[in-house]
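Respectively, the protein sequence lines represent chains A and B.
First residue of the first sequence: 1, per my numbering; consecutive thereafter.
First residue of the second sequence: 1, per my numbering; consecutive thereafter.
To be clear, the hints were calculated from the coordinates, so they are not data collected in a lab.
Keep in mind that a hint or two might mislead.
[Unchecked claim] With beta-carbon atoms standing in for the labels, derived distance ranges:
1) A:D486 <-> B:L201: 20 to 26 Å
2) A:E541 <-> B:I208: 57 to 63 Å
3) A:A525 <-> B:A440: 43 to 49 Å
4) A:K264 <-> B:G99: 22 to 28 Å
5) B:K215 <-> A:L7: 53 to 59 Å
6) A:E583 <-> B:K212: 53 to 59 Å
7) A:D532 <-> B:A440: 38 to 44 Å
8) A:D532 <-> B:E436: 18 to 24 Å
9) B:E436 <-> A:F462: 32 to 38 Å
10) B:V539 <-> A:A525: 55 to 61 Å
11) A:E583 <-> B:K215: 55 to 61 Å
12) A:T21 <-> B:F200: 55 to 61 Å
13) A:G47 <-> B:L299: 50 to 56 Å
Treat the numbers as computed from the prediction; the structure is a model and nothing was measured.
A virtual CB, placed ideally from N, CA and C, is assigned to each residue, including glycine.
Number of protein chains: 2
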Amino acid sequence: MEEFNILALLIILAGAWVGGTAAKKLGYPPILGELIIGIILGPAVLGLLESSEMIAVLAEVGIILLMVYIGIEINFRDLGKASWPGLLAAIGGFIVPFGLGYFTIIYFGGTNIAALFVAIAVGVTSLATKSRILVDLKLLNTRIAYVLMAGALISDTLALIIFAGMLSFVDAGSIDTWGLIWVAGKAILFFLLTALAGYFLLPLLGKILSDKKVKSRTFHFTLILLIVFIFCELAELAGLHSILGAFMAGLFIRDGVFNRQISKEIHDIFHDVSIGFLAPIFFVSAGFHVTLEVFQTDLLLLTVVILVAMVGKIVGTAVFYLPSGYGWREGIAVGTGMNGRGAVEIIIAGIGLEMGIISDDIFSILVFMAILTTLSVPVLLTWTTNWLRKRGELINQETRKGTLILGANPLGLYLARHLKENEEVVIVDSNRDLAENSRAQGFSTVTGNILKEETMESAEAFDTGTFIALTSNNEINLLAAQLAHDAFFVPRNIVLVAPHQGGAGVELLDRIGASSMFATQTELAPWILKIDSGEVEEVTEEVEEKISTRTWLKQNRSEDSKFLPLLIIDQEGKKRPFHFHDEIEAGEKVLYLR
Amino acid sequence: MEEFNILALLIILAGAWVGGTAAKKLGYPPILGELIIGIILGPAVLGLLESSEMIAVLAEVGIILLMVYIGIEINFRDLGKASWPGLLAAIGGFIVPFGLGYFTIIYFGGTNIAALFVAIAVGVTSLATKSRILVDLKLLNTRIAYVLMAGALISDTLALIIFAGMLSFVDAGSIDTWGLIWVAGKAILFFLLTALAGYFLLPLLGKILSDKKVKSRTFHFTLILLIVFIFCELAELAGLHSILGAFMAGLFIRDGVFNRQISKEIHDIFHDVSIGFLAPIFFVSAGFHVTLEVFQTDLLLLTVVILVAMVGKIVGTAVFYLPSGYGWREGIAVGTGMNGRGAVEIIIAGIGLEMGIISDDIFSILVFMAILTTLSVPVLLTWTTNWLRKRGELINQETRKGTLILGANPLGLYLARHLKENEEVVIVDSNRDLAENSRAQGFSTVTGNILKEETMESAEAFDTGTFIALTSNNEINLLAAQLAHDAFFVPRNIVLVAPHQGGAGVELLDRIGASSMFATQTELAPWILKIDSGEVEEVTEEVEEKISTRTWLKQNRSEDSKFLPLLIIDQEGKKRPFHFHDEIEAGEKVLYLR
């Protein structure tokens with residue numbers, strides 16, 4: 001056996017870490033740093049490392065696990081919500097560069113199949129660090145972000161399906177019609193079979209395990225790995241690549257199939273082992289195959305491919321985006337956001353290289369294309385969104401909407417009444433009387449214990465944007481927010497924290513990134529009494545310059561201590577709860593009770 | 001590149017799963033099933049699979065991660081508690097079979113170095129599924145269990161150190177004195193360097209990360225992998241095997257070094273990825289190297305090695321155990337319990353095979369020895385402990401002692417007063433007055449918020465056997481028990497559950513295996529009042545036949561509902577709290593309040 005080279009592994013992992021961390025610091029996805037480090041460490045520059053059997057094996061396992069993870073991350077629910085504009089952007093952003101990429105390679109004398117590989121690589125979309133860049137550019141609540149995220153999901157799925165179709169025909173160049181049908185049939189059969197198994201058998205399996213009260217995480221982990229490898233093997237039997245099996249398996253290993261807590265933990269394991277260990281080995285070693293000579297020998301092709309990739313993607317997206325009615329400028333902004341290429345592109349290019357379909361030169365060109373397009377995203381997206389912003393065309397739209405309020409007490413209902421003006425509000429309480437009362441007042445209400453997942457589910461916590469825990473029990477508030485955050489991925493969690501000796505305090509909010517309601521420790525009971533007896537008065541006060549909620553509170557509390565800041569009202573009249581981690585913009589108003 | 005064989009991986013993983021699960025069902029460690037499945041699938045029987053580069057690479061990563069995990073599991077604190085008898089057992093159980101094994105191979109014409117490899121393999125101890133077998137045989141609270149667990153820890157450490165020493169000299173057969181000193185010096189330098197780094201640098205690193213509030217699990221995971229591979233590389237530079245580096249790294253990646261929650265999650269990842277994925281690949285593929293021909297060609301050697309391993313281990317342990325003063329019978333029982341060989345033996349044998357030091361035949365013999373000795377453990381241990389039990393020589397001794405009570409309220413103190421008769425009791429309360437009162441009454445008391453790890457630490461939760469949460473707040477009780485269980489590994493968690501609309505209920509106890517105090521939902525306040533006003537009366541009632549606490553409660557509550565079952569008193573007068581998951585033996589008494 002070839003020596004198991006710990007040193008090589010160590011250098012790759014350390015390099016990936018340094019490169020990935022540096023990229024992240026600069027606002028880029030880690031894969032960018034990993035590719036560049038790979039190019040530097042590999043034969044192209046330093047020649048410290050080169051490919052080996054060991055690296056190839058670990059990289060292969062890495063991309064299988066990564067594809068599972070990518071699959072898990074794609075939520076059908078989200079795909080369903082993706083809607084018309086996302087679909088348009090995904091299709092346009094794929095087809096146009098795909099076509100251009102194909103003809104470029106044919107024009108430069110490449111084979112049909114190599115041209116298809118390049119076309120797919122050029123067509124693929126990867127969001128540069130997903131929501132990170134959207135957060136940095138403060139786009140998270142814009143329609144662009146919504147379209148981008150939906151578009152990237154669809155694009156990945158689309159690219160992988162087309163890739164599958166293409167792979168089927170790689171060896172089918174010279175066979176007859178029946179052969180072709182057989183090849184296509186196998187691929188279709190694979191998708192049918194895995195989809196059926198994923199849709200019917202996995203939930204059944206999950207149900208059996210849950211009925212038998214099997215709660216071992218390790219057991220589930222091994223079981224899921226087995227399912228993944230079975231799907232991989234099916235893909236290979238169908239003449240496809242194992243990553244497609246891994247992706248399909250990931251698609252169906254989703255929330256609700258297995259015990260939610262275990263699913264969460266296994267999701268974390270796939271994340272850490274792929275993204276924190278094995279997948280970087282693939283991306284760094286992808287850099288080992290890159291040759292810098294293309295800058296001399298194939299500079300024209302390199303330039304054309306990059307141009308085709310960028311222009312094709314942006315223009316293609318913008319043109320296909322027109323029927324959405326959102327305008328060509330927003331289309332261009334979406335196009336610049338979708339211009340990155342990432343994991344899936346490098347994986348597909350790597351497969352092409354390994355199968356001998358594309359040369360080292362073409363592979364290098366595709367890697368440089370990935371690096372450059374990814375580099376371009378923040379720059380171009382900043383330009384285009386600033387442009388939209390200046391024109392007043394940056395439209396807000398949230399991906400998860402509505403508020404879930406725990407606590408049908410008078411204060412909870414009072415808050416709900418206000419929030420309901422803008423968005424859907426659901427109220428949860430375990431007390432039947434309170435819940436009944438809330439329902440009678442016209443709120444959509446769920447009666448049940450919030451700490452049970454069923455209750456969260458019936459309250460549609462999966463689609464909720466904000467969770468507010470407003471009971472007088474700090475610990476229930478905290479546990480509920482933990483559940484909302486950990487199992488239902490609710491992005492904003494706001495927790496009422498009562499001043500309290502011992503027990504769960506504010507410091508526990510940090511782990512889940514929750515914020516404290518009213519921006520300070522607040523006793524619920526006095527306010528409930530006041531509201532009940534009609535003793536409160538609503539006061540609205542406009543803020544003159546941007547200020548954080550806590551500073552505002554400090555400044556105002558010194559004047560009048562008997563008041564409760566309830567809401568912030570923005571200039572369009574939209575109301576949001578007043579909580580610790582928020583800032584009040586100039587011109588917004590604070591609504592408080594006294 | 002050799003084809004990446006998904007099918008082989010799938011078969012191995014599925015086989016390991018089936019074999020491991022079957023072994024577990026029968027009360028054996030999974031590794032036993034994995035080895036046997038490997039022999040069946042491999043060239044020895046079915047010939048379905050054979051070794052390949054891919055399998056070797058994954059297996060190698062698997063044992064590195066497994067050694068990290070084994071290292072993490074060895075707690076210095078436990079080693080410190082191991083005490084005299086455990087040390088005696090470990091040394092005797094190692095040295096005697098080691099010596100016998102060595103001379104056996106020499107006698108049969110083996111080389112010096114092969115004899116040393118076999119000697120170590122024969123000397124190693126592995127507890128068959130650690131505490132599982134002790135639970136099955138109801139030994140968990142006996143002195144034997146205590147000695148066994150301590151002994152196995154010491155034995156693993158001892159074996160690996162001797163293995164390191166031996167490895168240094170593998171290539172040093174014909175070199176001069178200075179060469180030998182250099183070789184030995186390198187090995188010693190490795191242990192010194194890694195121990196110093198582990199002892200001083202890692203905690204420093206952990207402190208820096210915690211100061212910088214780095215809370216990303218993936219970041220920590222990658223960082224820990226880097227540390228592991230650095231240690232592995234140091235081991236190889238020192239002329240040792242990388243597993244020794246992994247083991248040393250694991251030893252120092254411990255509680256308290258990094259954020260506790262993150263440590264727990266990373267521990268879980270190492271557990272699942274090694275035990276649930278990669279390590280089984282190693283053990284199954286170990287079976288591929290086994291040849292059944294040894295039963296014909298080397299039957300005598302096979303028999304002698306197995307005899308030497310079993311007799312040497314049991315007699316060696318018993319003889320060295322004599323100075324403990326616990327008698328030769330207990331020594332024999334300990335010896336039968338330590339007779340299993342497991343992961344470490346197979347790993348060492350595998351390294352010997354890979355280095356060409358031992359032949360396929362010797363390797364096969366060592367695998368069969370591992371299988372047979374492991375099979376023998378439950379059988380022999382049942383015999384010997386029943387023998388002790390009949391003679392009344394099965395001595396009880398807990399590994400983790402004492403009770404930690406949350407809640408310095410009158411009921412908590414009342415309970416503490418009783419429990420203090422047998423064991424150490426620590427009381428925790430965040431209320432200063434209550435805590436002061438408890439301290440004044442002579443209880444060792446910690447004032448602080450139980451949900452903070454510092455409080456748990458000052459209350460020495462790490463050494464505590466039982467945690468009782470007795471506040472009137474269900475959620476605090478539950479969160480505290482979760483923390484005790486998850487981060488401090490407290491084995492018995494008993495939680496007072498108040499009848500309560502909504503909030504955290506009994507069903508949440510299951511996840512952490514907690515039991516409800518008083519075996520039923522109980523309101524705290526009335527009893528506090530009664531105790532305070534001196535209205536309670538203690539009644540003791542003997543139980544005539546074995547009965548579960550809940551059945552006892554049902555039978556007795558029908559007669560008199562105003563009572564609180566507080567304790568169970570066994571025939572030796574030892575008191576334990578009355579809780580849901582317990583059984584009252586015939587002759588034990590229930591102490592209740594009314």
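So, going through the hints one by one against the coordinates:
Between D486 (chain A) and L201 (chain B) the C-beta distance comes to about 33 Å, which lies outside the given range of 20 to 26 Å. Against the hinted window of 57 to 63 Å, the Cβ-Cβ separation of E541 (chain A) and I208 (chain B) comes to about 44 Å, which falls outside the hint. The hinted window of 43 to 49 Å between A525 (chain A) and A440 (chain B) is violated, with their beta carbons roughly 33 Å apart. For K264 (chain A) and G99 (chain B), the Cβ-Cβ distance of about 51 Å falls outside the hinted range of 22 to 28 Å, so the restraint is violated.
For K215 (chain B) paired with L7 (chain A), a C-beta distance near 31 Å fails the hint of 53 to 59 Å. The supplied range of 53 to 59 Å is broken by E583 (chain A) and K212 (chain B), whose beta-carbon atoms lie about 24 Å from each other. Under the hint 38 to 44 Å, the C-beta atoms of D532 (chain A) and A440 (chain B), about 43 Å apart, fit the expected range. At roughly 38 Å, the beta-carbon separation of D532 (chain A) and E436 (chain B) lies outside the given 18 to 24 Å, and the hint is violated.
Checked against the hint of 32 to 38 Å, the pair E436 (chain B) and F462 (chain A) fails, with Cβ atoms roughly 48 Å apart. The supplied range of 55 to 61 Å is broken by V539 (chain B) and A525 (chain A), whose beta-carbon atoms lie about 40 Å from each other. The hinted range of 55 to 61 Å is not satisfied by E583 (chain A) and K215 (chain B), whose Cβ atoms lie roughly 23 Å apart. The hinted window of 55 to 61 Å between T21 (chain A) and F200 (chain B) is violated, with their beta carbons roughly 24 Å apart.
For the pair G47 (chain A) and L299 (chain B), the supplied restraint of 50 to 56 Å holds, since their beta-carbon distance comes to about 54 Å.
Of the numbered hints given earlier, the model fails hints 1, 2, 3, 4, 5, 6, 8, 9, 10, 11, 12; all others are met.
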